[in-house]
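Let the hints inform the model, and build the full structure from the sequences given.
Protein chains: 4
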Amino acid sequence: MSYRKIINDPVYGFITIDNELIYKIISHTYYQRLRRIHQMALAELVYPGAVHSRLHHSMGAYHLMCNAIAELRNKGFAISEEESIAAKAAILLHDIGHGPYSHALEHILMENVTHEDISLLLMQRMNDEMDGQLKMAIDIFTDEYPKKFLHQLVSGQLDVDRMDYLMRDSFFTGVNEGVIGYDRILKMMTISNDELMIEEKGIYSIEKFLVARRLMYWQVYLHKTVLCAEKMLVNIIRRARELKAKAPSGSLNFFLNYEFKEHGLDKFLSEFCNIDDYDVLSTIKHWVKHPDKILSMLCKGIINRDLLKVKYFSRPIPEAFLDKKLEEVGLQLNISKNNASYLVFSGETENRTYNTQDEHIHILFKDGSIKDISQVDNALINQTLFGTVKKFYICYPG
Amino acid sequence: MSYRKIINDPVYGFITIDNELIYKIISHTYYQRLRRIHQMALAELVYPGAVHSRLHHSMGAYHLMCNAIAELRNKGFAISEEESIAAKAAILLHDIGHGPYSHALEHILMENVTHEDISLLLMQRMNDEMDGQLKMAIDIFTDEYPKKFLHQLVSGQLDVDRMDYLMRDSFFTGVNEGVIGYDRILKMMTISNDELMIEEKGIYSIEKFLVARRLMYWQVYLHKTVLCAEKMLVNIIRRARELKAKAPSGSLNFFLNYEFKEHGLDKFLSEFCNIDDYDVLSTIKHWVKHPDKILSMLCKGIINRDLLKVKYFSRPIPEAFLDKKLEEVGLQLNISKNNASYLVFSGETENRTYNTQDEHIHILFKDGSIKDISQVDNALINQTLFGTVKKFYICYPG
Amino acid sequence: MSYRKIINDPVYGFITIDNELIYKIISHTYYQRLRRIHQMALAELVYPGAVHSRLHHSMGAYHLMCNAIAELRNKGFAISEEESIAAKAAILLHDIGHGPYSHALEHILMENVTHEDISLLLMQRMNDEMDGQLKMAIDIFTDEYPKKFLHQLVSGQLDVDRMDYLMRDSFFTGVNEGVIGYDRILKMMTISNDELMIEEKGIYSIEKFLVARRLMYWQVYLHKTVLCAEKMLVNIIRRARELKAKAPSGSLNFFLNYEFKEHGLDKFLSEFCNIDDYDVLSTIKHWVKHPDKILSMLCKGIINRDLLKVKYFSRPIPEAFLDKKLEEVGLQLNISKNNASYLVFSGETENRTYNTQDEHIHILFKDGSIKDISQVDNALINQTLFGTVKKFYICYPG
Amino acid sequence: MSYRKIINDPVYGFITIDNELIYKIISHTYYQRLRRIHQMALAELVYPGAVHSRLHHSMGAYHLMCNAIAELRNKGFAISEEESIAAKAAILLHDIGHGPYSHALEHILMENVTHEDISLLLMQRMNDEMDGQLKMAIDIFTDEYPKKFLHQLVSGQLDVDRMDYLMRDSFFTGVNEGVIGYDRILKMMTISNDELMIEEKGIYSIEKFLVARRLMYWQVYLHKTVLCAEKMLVNIIRRARELKAKAPSGSLNFFLNYEFKEHGLDKFLSEFCNIDDYDVLSTIKHWVKHPDKILSMLCKGIINRDLLKVKYFSRPIPEAFLDKKLEEVGLQLNISKNNASYLVFSGETENRTYNTQDEHIHILFKDGSIKDISQVDNALINQTLFGTVKKFYICYPG
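Protein chains in written order, with the working numbering: chain S, 54 to 451; chain R, 54 to 451; chain L, 54 to 451; chain Z, 54 to 451.
None of these hints come from the bench; they were simulated from the model. Be careful, since some hints might not be right.
The list cannot tell twin chains apart, which means a pair is met if one copy fits it or any two copies do.
Stated by the list, open to error - No farther apart than 27 Å at their CA atoms in a straight line, the calculated lysine-lysine pairs in the BS3-like style are these:
| hint | residue 1 | residue 2 |
| --- | --- | --- |
| 1 | LYS320 | LYS299 |
| 2 | LYS378 | LYS364 |
| 3 | LYS297 | LYS342 |
| 4 | LYS342 | LYS200 |
| 5 | LYS299 | LYS377 |
| 6 | LYS128 | LYS77 |
| 7 | LYS353 | LYS299 |
| 8 | LYS254 | LYS277 |
| 9 | LYS299 | LYS128 |
| 10 | LYS299 | LYS254 |
| 11 | LYS362 | LYS254 |
| 12 | LYS424 | LYS277 |
| 13 | LYS424 | LYS444 |
| 14 | LYS444 | LYS419 |
| 15 | LYS314 | LYS77 |
| 16 | LYS77 | LYS353 |
| 17 | LYS346 | LYS362 |
| 18 | LYS188 | LYS443 |
| 19 | LYS390 | LYS364 |
| 20 | LYS128 | LYS378 |
| 21 | LYS342 | LYS299 |
| 22 | LYS362 | LYS277 |
| 23 | LYS77 | LYS424 |
| 24 | LYS419 | LYS77 |
| 25 | LYS353 | LYS201 |
| 26 | LYS444 | LYS254 |
| 27 | LYS377 | LYS419 |
| 28 | LYS128 | LYS320 |
| 29 | LYS419 | LYS378 |
| 30 | LYS444 | LYS362 |
Right under this line is the structure:
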């Protein structure tokens, strides 16, 4: 059984692989590419430990899926071996379509296509290679499989993806307050009408989960310095395109020049499978010496961690204020106001603690009744938290 | 320097003692008595790890006080060496007046006197012994010392007592969800107008702290089985008094017989300093064989962990329902309805997540303004959480 | 399935009970008694967190047994459901015969009988009660079951008992250096010829395990202050017997007066099942006021943690030195030299890192060969460590 | 005080910066380059969590230095503020001269120069920039400062460098068995005759430290798969040089073409400060499509984690065996035997647990005597462990 492996994981101890298909997926070059994509993009500029990869995260999510399936089976819910493998494959592959620096560059390098779209395309390609062995995994991923809870475990309000990224990101950043009671949540999972639910006794763990997520968003994912660095990254790509700057990486050039619009899907995917954080960062290092002052300045900023100043406000930044800053910087650096806008810019970011519109964490009570977590007695998660919280930022040279 | 010690603590690593007065307090027989009082009374019947002592908790709180003072000094706030020692002495002694099984028996063994009253009496006695060396510690404890924040560190909304018990209780129970970011909260502490505050960047850690506390209350401290066991303990004392049952422990007899009402304070305190969980539990073991069926049944229940059934409701238990249960049990055990009421009883318990009446966690913003944690923008802790949540329970033989 | 439970354990997260027999054992009054016996006797006088119970330890060992069996089954070794339950029952009950303060008083309260003997007697009694359901568990415990490795998991060089106590004791004391890679050791377990072995890849984990144990012995179990306190405990019992002092606990009197020699086994066992740390410690508290100076002094010492001075030497204490101390103390306290010997005494204690005589941790190499851990190439555990290390102590009033 | 910062560290909680010079060092572009150098080179191919950077490690070592100095000062040893800052600066900068993939490529990219040499050169350059503020730090680094123990804390048998890398590498790999009692070791540090020593009570912690290091070497640093991947990396560089293959990274070309031999030190250092793991890995990705079969194969192997087979032996690989493999592979791939030697190769690797030649961990006994850890009574670390343990490996296409 050469495909039997145990892998050390600092978050959960050991991750076990004991199935041939799972082993083949992990060994696949598509999957191995995730090694070279940071799970948290540039968050490491603030949290130096946050350098873990998407490969590691998806292995962790796979581990939680193994546990979730074991718990549900122990409670008597039928999950066949084939379904089990398919759900595990689906979670391993759920992030396969992430490009370099994941969310930070997602809508810049490739427009109008999400990482989920690409994940699906790549899964289909692998499925062809593997003679259809991933068919059920794809059905679960796209929510076309009848046992809906399997899809919910892959992608839902309480999916193993979220549980792993909260656990893993808080572990690697050292923000212990993001730690959730994942093992208790797994033990409280149940199924009713093919839907994933949480037993009554798990209410406080779910509240804790939502509050931990809220904290991680504001303290880590949307940390003002992280946000600023990622906006600088976006501006580097925008500026490079404007200048038609050439990257030392062929794959990056492909995406910079919108060549994917001219070539077919095959070429697109083959270039996509070739690009990762290393292409982008080594290009940025290259451009530190670019003759264009703007591009060079932005690249130096990322490489030397000499970032723009950034401030958060609870109201939109007044146009006049932004304008004044633009002028100042334009004068100071002797650049046009339009060019200054790569260095002085404002925007908004948002998050919500719980969204009753499309989020539904259902609690199954002992009497058989079902309530949304926001509807239980004395709910911590109540309507005052439903609105989207926006923060407005401005960045400019310090 | 024979009073220099490091003590292993599983929660914080090492606790350091480096002052003679602190060493003398810890060596004092009043303090050593806390070794024999469980921090969490009968919670160990549900959480087998929860057997840590009040001595350990108050050492932990002392450790956090050391850290809090170091942080505040680093930020430039003046705390003299004498004040530092006094604050540390005060926190070490804050629980010295706890009787056996702490809160569970607090208002039963001794009526109309709180553990804080006794703590003060014992601190005064020790102060006399120690030639007034505890004067400032007592002033801090009773909030008569001008630098109000020192008292707030000992006893306030964010005192080191709460921080330690949440950390320690979640550690020993294994309820990881009660873990708080104590080190971050300490780093976010600041002082304004002699009052303890939290810096703006610490808001999410405070929310997390309040949610962890909420969870610990409902999941651990007020766990229905723990509550039931502690009510049985109370009924054992009540029944023993009714029967004038004799305890093998002289000190326990003293309190059972209300002798403290006849004797002076000296005798009261000397008996008090003699009594701990061992007197109560060994007496309960003794009464397992007591001829009174009720007393024996209750005692057996505790010793063999054969507890009454308990159920929580969100509305008061209807009188009629209780009555019916009382009759049933009376008939079954061939005892009077009055006697049955030791085994069949109802009541209510309550908790609130945050109390704007008397709780005030103040946030100091960068612009110098101060807001209550419940008043900041998009507060998690908002008015829907201010009410007291009550739960109603009924216990009866299973 | 009312016997399905999950129990929070700070060491392993959750312990799962999912079998009726296991549930009945845990609920049994014999087992519940272990709640009142400290796993580490008086070690809490040095390590304040070390207050965990034998009940908690044996639950932890049960948890490791569950994992060990799951791993071995995954590797293809046949273990029937009946064998699995029996092995789990055996480990749950392996310590059931421990008396108050376990090892500290083991050979004092009852002579010529070990806790293993009593464990067996109690298991047989429970087996009778349970209509023979414990038959296989007893066979495994006594090593009469053909699959020898099941006994080795309960009691051997790498049994789950040792693994749990090292993990648990280092956890509760906070001596992190005693932590072992228990999960890796479990994953490296294998079976050859019905004997438990470790795979080649696990060699370093085993070395680590032996070094952690060595460290725990000298730093914790045989810590000089712990040793001194436990010797004082022994002397309290000896002195009480000499004085025919009466304990407030009937069961303790039974053992103090050697009544077990006059009564039959039934009476012995019923008293044994009644006695625990609470009888001993509440008696010691009672004797603090005993008129005998020696007894009172020893009891005060334990209660107030005012212990004798203790020193370790690598050579035996010279008779003359001891004699001089005895005389000094006799004079000082105005007691006979014979009486002084309760307060001034010497002795030896020993430990060995690995014992090739009766210890055998076998490593199974990939080529099928088997070697003792002390025989592998470049072994850390080599003959220079085989000898017994003795330390000699002397205790006397400080 | 804009240079006051706290940084989250998952290993120690928080790292505090509170000095302007320290802040300037950390902000320096030389230091920020360490962000892009993996602490553990290619170990992440086996331990997916092991992706932490040299920047993170040196911050951790800085944190331990802060603690070590605080402990020594508490014990009464004089360390001036200037010395304290200098020691902290020295440890922050100790790894500044590491090139891409650190040890794995150290002697390949640049011959006859160690990373310590380059560290010193860069420190001197920074010292010039900073008007001599690093003078004392350099003296400590080069062991020219009179208080020898400061150098020993930076670089010695028990320096904070080793303590941090053992802690950090075991943390990020998840190999918990490498965890050491760093806080206890720090508390046991003392000074005698300006030399760093360990108090008697710390003996077991030191043994534990040496055993943990031994385990980390064989289980992690010299893990056969890690070793194989790093040898493949070396062969990529060697093959590229043979082919005069061009890298997309200018800095890498500079070192590939030995241009540093022709240019002066200035050019050398400026290119050095520009090169990191990103240059090497993005070049390897580029060469995946290189026309040379050998180079392409090796590069694909690294990128897709499709590594050569590797085996360890305790004896040298017989020439004949290697030869046969070379021939087989030559035939199979249709390449010359010489070319095959990039894919089929053998070698040796070694480690020793403790080296009495140049390692000296001194124990200071209470009576003032000093012994080497290998000379104390019943030493775990004894002469049977002094020899160098060699392992011999062979790698070839699987």
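**Item:** Structure-inconsistent hints, enumerated in ascending order
**Value:** 4, 5, 9, 10, 15, 18, 20, 23, 25, 28
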